[in-house]
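Trainee: As a plain string of letters, each chain reads:
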Amino acid sequence: MLKSLPQTVIAVLTNYYSAVWLSCCNNDNRPLIARLSSINIIDSETICCCIPAKFAAELLPALVKNQPVAVLAACTKTFDSYQVKGFIESVHQLPQEETAEQKNMLELFSTALIKQGFSAPNFFKAYVDDEFVAVVIKVDDVFDQTPRQGTGFKINA
Amino acid sequence: MMFLIRHQDKERDLKLMHKMSITKDMIPAMQSVVPSTMATVSADGVPNVTYVSQVFYVDDGHVAISVQYMNKSWKNLSENPNITIILTHPATAKMWKMKLVFKEIKYDGPVFDNMDMQLTAIASMCGMEERFKLKAILICEVSDIKVLFDGN
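Chains as they are written, first to last, in the numbering used here: chain A, 1 to 157; chain B, 1001 to 1152.
Just so you know, the hints here were simulated from the structure itself, not pulled from any lab data.
There may be inaccurate statements among the hints.
[Said to hold, decoys possible] Residues from chain A that face chain B, not an exhaustive set, calculated with beta carbons under 8 Å:
1) Val-69
2) Leu-72
3) Ala-74
4) Ser-81
For each residue, glycine too, the CB sits at the ideal point set by N, CA and C.
Work out the full structure: start from the sequences and follow the hints.
Mentor: What follows is the structure, encoded as structure tokens:
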């Protein structure tokens, strides 16, 4: 059981140049996946994942309290990656006044991709939306997913 | 509630773009420039999400996925063969969601050799030659393809 999220993990979860994803499963036990706009740390064992609405449509029926979920964050600069597993505490539509911050995070991420030769406007358009779904998750386990020896190991073991 | 209905409408619109076989415009998204994201689920519904270095075109109805680490994904696939992958075109950012069914694991053969060569090239570009070693490949059947972002 996780005591608290390590600072190294928080850094990758919350950096604008990290690519962040959420996965859960539907009633047929098929995996679902969505791109996130950002992850916010609520406290040492609770995070809030924001999903651009266009990626959330298929997941919405499956995003219910106590549903197990997995979140992947990977730094596009260093390749440091972590997977967080836990359970949904709540799901709500992000208030309109908080959507600007999500768009800002996606713009910063897209701009960071210019250095790697990608088109920032194209990637921003791919990820952005006008509405966002916020999923609050109680974290149980954290795994190191960085491509190196030891990848996949539970950090909080 | 209105929020849910609006997004179910969006979902219905997207369903019009469903395809079952790989098309030519997807090939650049399968050249490992933008890493693909892969999700699997255990028998009891616990998901696992990870990056994969290669989603390799085999034929219009099949792809091969590189296995380098993948301990938790492999455990899930031994219980539940369903996979969801996100592919991204490196130039246009066009995105596809591909649903796959795992069919078999291979440790050699022509597809394995081609993927091994490609992975060596990717690793060399990233300066990660020691970290990227191909252990096996997963042959998967494409069961559904949906366009998430049309790239325009």
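Trainee: Which hints, by number, does the structure contradict?
Mentor: none
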